[in-house]
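*Asks:* Input sequences plus hints: build the corresponding full structure.
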Amino acid sequence: MGNHTRFDFEHNVTGALADDQLRKNLRKAMDILVDKRRTVFPDSEYLEQLRSAGNAIKRRALKQLPRLLEQLEVNCTKNGIQVHWAEDTAEANRIVLDIMRRHEAPAIVKGKSMVSEEMHLNRFLDEQGLEAVETDLGEFIIQLNHETPSHIIVPAIHKNKDEVAAIFHDKIPDTPYTEDVEELTAIARRVLRKRFAAAKVGLSGVNFAIAETGTLLLVENEGNGRMCTTVPEVHVAVMGLEKVIEKLSDVPPLLRLLTGSATGQVITTYVNMISSPRKSGEKDGPKEVHLVILDNGRSRMLADPEFRQTLLCIRCGTCLNHCPVYVRIGGHAYGHVYPGPIGKILTPQMEGLERAGVLATASSLCGACGEVCPVRIPIPDLIRRLRNESYDQDGSAVVEGGGYKKNLAETLVWKGWELANRSPLLNGIGTRLAGKLGKRIPRVGPLKKWTRVRTSPKVARCSLHERARNEGVNNE
Amino acid sequence: MEKRVSPDQSDQIYFFGTCLMDAAYPDAGMAAIRLLEAQGVEVTFPQDQSCCGQPAYNSGFIREARAVARKQIRVFAKPYPIIVPSGSCAGMMKHHYPDLFAGTPDEADAHRFSERVYEWSEYLATVLEVKLEDRGDPLTITWHSSCHALREMDVIRYSKALIRQLKNVTLVELERETECCGFGGTFAVKQPAISAAMVKDKVADITRTGASTVVAGDCGCLMNITGAMQHAGVAIAGKHLAEFLWERTNG
Ligand code: SF4
Numbered sequence: 001m002g003n004h005t006r007f008d009f010e011h012n013v014t015g016a017l018a019d020d021q022l023r024k025n026l027r028k029a030m031d032i033l034v035d036k037r038r039t040v041f042p043d044s045e046y047l048e049q050l051r052s053a054g055n056a057i058k059r060r061a062l063k064q065l066p067r068l069l070e071q072l073e074v075n076c077t078k079n080g081i082q083v084h085w086a087e088d089t090a091e092a093n094r095i096v097l098d099i100m101r102r103h104e105a106p107a108i109v110k111g112k113s114m115v116s117e118e119m120h121l122n123r124f125l126d127e128q129g130l131e132a133v134e135t136d137l138g139e140f141i142i143q144l145n146h147e148t149p150s151h152i153i154v155p156a157i158h159k160n161k162d163e164v165a166a167i168f169h170d171k172i173p174d175t176p177y178t179e180d181v182e183e184l185t186a187i188a189r190r191v192l193r194k195r196f197a198a199a200k201v202g203l204s205g206v207n208f209a210i211a212e213t214g215t216l217l218l219v220e221n222e223g224n225g226r227m228c229t230t231v232p233e234v235h236v237a238v239m240g241l242e243k244v245i246e247k248l249s250d251v252p253p254l255l256r257l258l259t260g261s262a263t264g265q266v267i268t269t270y271v272n273m274i275s276s277p278r279k280s281g282e283k284d285g286p287k288e289v290h291l292v293i294l295d296n297g298r299s300r301m302l303a304d305p306e307f308r309q310t311l312l313c314i315r316c317g318t319c320l321n322h323c324p325v326y327v328r329i330g331g332h333a334y335g336h337v338y339p340g341p342i343g344k345i346l347t348p349q350m351e352g353l354e355r356a357g358v359l360a361t362a363s364s365l366c367g368a369c370g371e372v373c374p375v376r377i378p379i380p381d382l383i384r385r386l387r388n389e390s391y392d393q394d395g396s397a398v399v400e401g402g403g404y405k406k407n408l409a410e411t412l413v414w415k416g417w418e419l420a421n422r423s424p425l426l427n428g429i430g431t432r433l434a435g436k437l438g439k440r441i442p443r444v445g446p447l448k449k450w451t452r453v454r455t456s457p458k459v460a461r462c463s464l465h466e467r468a469r470n471e472g473v474n475n476e
Numbered sequence: 001m002e003k004r005v006s007p008d009q010s011d012q013i014y015f016f017g018t019c020l021m022d023a024a025y026p027d028a029g030m031a032a033i034r035l036l037e038a039q040g041v042e043v044t045f046p047q048d049q050s051c052c053g054q055p056a057y058n059s060g061f062i063r064e065a066r067a068v069a070r071k072q073i074r075v076f077a078k079p080y081p082i083i084v085p086s087g088s089c090a091g092m093m094k095h096h097y098p099d100l101f102a103g104t105p106d107e108a109d110a111h112r113f114s115e116r117v118y119e120w121s122e123y124l125a126t127v128l129e130v131k132l133e134d135r136g137d138p139l140t141i142t143w144h145s146s147c148h149a150l151r152e153m154d155v156i157r158y159s160k161a162l163i164r165q166l167k168n169v170t171l172v173e174l175e176r177e178t179e180c181c182g183f184g185g186t187f188a189v190k191q192p193a194i195s196a197a198m199v200k201d202k203v204a205d206i207t208r209t210g211a212s213t214v215v216a217g218d219c220g221c222l223m224n225i226t227g228a229m230q231h232a233g234v235a236i237a238g239k240h241l242a243e244f245l246w247e248r249t250n251g
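Which chain is which? The protein sequence lines are R and W, in order.
Those letters in the first sequence? Residues 1 to 476, by the working numbering.
Those letters in the second sequence? Residues 1 to 251, by the working numbering.
If you are wondering where the hints come from, they were derived from the structure by calculation, not from laboratory data.
Misleading hints may appear alongside valid ones.
What the hints assert, rightly or not - Straight-line alpha carbon distances no greater than 30 Å define the calculated DSBU-like cross-link-like pairs of lysine-lysine that follow:
| # | chain 1 | residue 1 | chain 2 | residue 2 |
| --- | --- | --- | --- | --- |
| 1 | R | K194 | R | K171 |
| 2 | R | K283 | R | K171 |
| 3 | R | K28 | W | K160 |
| 4 | R | K194 | R | K36 |
| 5 | R | K28 | W | K200 |
| 6 | R | K448 | R | K406 |
| 7 | R | K458 | W | K190 |
| 8 | W | K71 | R | K436 |
| 9 | R | K436 | W | K190 |
| 10 | W | K200 | R | K448 |
| 11 | W | K190 | R | K448 |
Unchecked claim - Computed footprint of chain W on chain R; a stretch qualifies when at least three of its residues, placed anywhere within it, have a C-beta under 8 Å from a C-beta of chain W:
| # | region |
| --- | --- |
| 12 | 156 to 170 |
| 13 | 421 to 430 |
| 14 | 461 to 471 |
Claimed, not checked - Just a few of them, taken from the derived set where beta-carbon distance is under 7 Å, the chain W residues facing chain R:
| # | residue |
| --- | --- |
| 15 | P26 |
| 16 | A228 |
| 17 | Q230 |
Being a predicted model, the structure only gives us computed values, none of them experimental.
Using N, Cα and C, we set each Cβ at its ideal position, and we do this for glycine too.
*Replies:* In structure tokens form, the structure reads like this:
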């Protein structure tokens, strides 16, 4: 996964589509998530207002991002949180590594964090002889099985209960086979408690970083996030730089949108607000808190007024849940950290079009993602923009690898299409010809792909143009 | 249903036939025109029209899309409402033309054009307030919503309101009505495997309704769904809404 193997989307898709179990698991899970979201937002007018508020808050934050980041740093520092800046993932990994080395920590206990996935932190630490221990139940399951998350909120969503039972039995020593969810959870808790107790350093992500107060906000349901951020002596939080928001009063609408869209909850079981390390006289909490702020291509997105909207994302995952493509191929097929609709716009911008531009073709532009996105990211428009950049006709592409698909054959096809559709004469000849040839049109190229599961489209002998003319409909 | 008034008070309207309807569904096109005429409006079908430009627009060929779109703006020059028997083409012309021409000399014209665009069932239901008299035998059908009719044009309720006027027709809705059928223009040939999986599920959903006909308001979806049904040997007919309504009321 990730950068090590060459990304072959078509191969991944074929594999995923052939896996009936995977598709069944996904469909069932997505139906539940979609349903929960619908239930938690019964009033569509209220939801639309909330989405507009979410969009406005995040837009306002992006507009003044450099200032807010500075303010965040100042206020965090005042609170005793040490702030680190990482331009790319290598730098972010080194920062985490240095902290672990300084504290002679052989392992780090991790709460769920997509940015740490983006950093490929686990693999990096492994190469350094250090261990990353995933403590979110879903992450724990897939780590046991040496997999990566297939969903940004529910990382093991592609597995059903039986599969999890088998993994626990196989991978955790002395574990009898059980499909009982309570028992499985108890087993995970037993294993993880020991790791928490021994850990010197804990890691978490950040959902919102509040500039005004220097507060890191983190939502979760299992309490493992709170453990990671309070039990070890050192807490390292990692975040993408778009996570900063202006003020505390921005939190309620965003939080409502995030938990409602992500898991259909009014509020999560835990809402952690981290404002400082342990103060003198306090009995618990970490002695050091670090905040690593990662760029990794985000400043480049910020510079373009349209692509900037990618950074509105609050990583709720609901665009995945509603996507007719994601539900059929699952997260791993996308071959990168962020799958689904958000991945289709984020990954090509991070990795370049040459490596990941194909993801922009994997959309019917049905609009289901844009319809539900809590911060109103026009995902289909951004996908279309990436398609434009892939051909980069006018040399204006801003994404790396712009124009990588430019080729004469396709350009000529579309030029021909343009000419035919600008000239009524050519258009008429084309339609008439197709009508006459009928079934004898050779099934090559696109038509060959079309007819794999469909019959050929039947071109009428007489076009609507001709019919309208012959049957007396006004012209002009 | 709220009554709307056509911006142009004369009884003149334009009909935009869409490239797919032109080539593959001319019967549906003529039915759409005849149903409009039956309401006493005068329909003009400019012979110089062609395609809304969406195929190129969605494929990364924005310049070609603009050239073809500009042609339509020129051809549909009079201030008549423009009636489009496709939620997808209507969505392109109503919601994407302004973006397509933003910052170009044609921007103002594009806006004026877009304001006049109506999806066909929307115009019949809200402006013409059509009353349909069903003359057909009892029939069970199902309805497929095209994504752009649903999400860009938001006209599904109008299409269904027309169907529900037919007293002998029972409409059984799909379980996953709002899910894409997998057409997506060039998506069907750029990602054929995913598209095939999507249309297969759509056909299964249609089959489960027990309907003998699936009605849709977009020829793209229709071509995809009926093509897949025929290939799989499923004996369910597919019809464009206009053709279906015309047959029911003149049959
Ligand atoms: S793009 Fe929108 S829907 Fe998708 S994860 Fe981000 S915020 Fe959620």
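*Asks:* Run every hint past the structure and note whether it holds.
*Replies:* Structure-based check of all given hints:
{"no.": "1", "hint": "R/K194 / R/K171", "result": "holds, 17 Å"}
{"no.": "2", "hint": "R/K283 / R/K171", "result": "violated, 37 Å"}
{"no.": "3", "hint": "R/K28 / W/K160", "result": "holds, 29 Å"}
{"no.": "4", "hint": "R/K194 / R/K36", "result": "violated, 34 Å"}
{"no.": "5", "hint": "R/K28 / W/K200", "result": "holds, 18 Å"}
{"no.": "6", "hint": "R/K448 / R/K406", "result": "holds, 23 Å"}
{"no.": "7", "hint": "R/K458 / W/K190", "result": "holds, 21 Å"}
{"no.": "8", "hint": "W/K71 / R/K436", "result": "holds, 27 Å"}
{"no.": "9", "hint": "R/K436 / W/K190", "result": "holds, 27 Å"}
{"no.": "10", "hint": "W/K200 / R/K448", "result": "holds, 18 Å"}
{"no.": "11", "hint": "W/K190 / R/K448", "result": "holds, 12 Å"}
{"no.": "12", "hint": "156 to 170", "result": "violated (count 0)"}
{"no.": "13", "hint": "421 to 430", "result": "holds (count 4)"}
{"no.": "14", "hint": "461 to 471", "result": "holds (count 9)"}
{"no.": "15", "hint": "P26", "result": "holds, 4 Å"}
{"no.": "16", "hint": "A228", "result": "holds, 5 Å"}
{"no.": "17", "hint": "Q230", "result": "holds, 4 Å"}
Going down the numbered hints, you'll see the structure goes against 2, 4 and 12, while the others check out.
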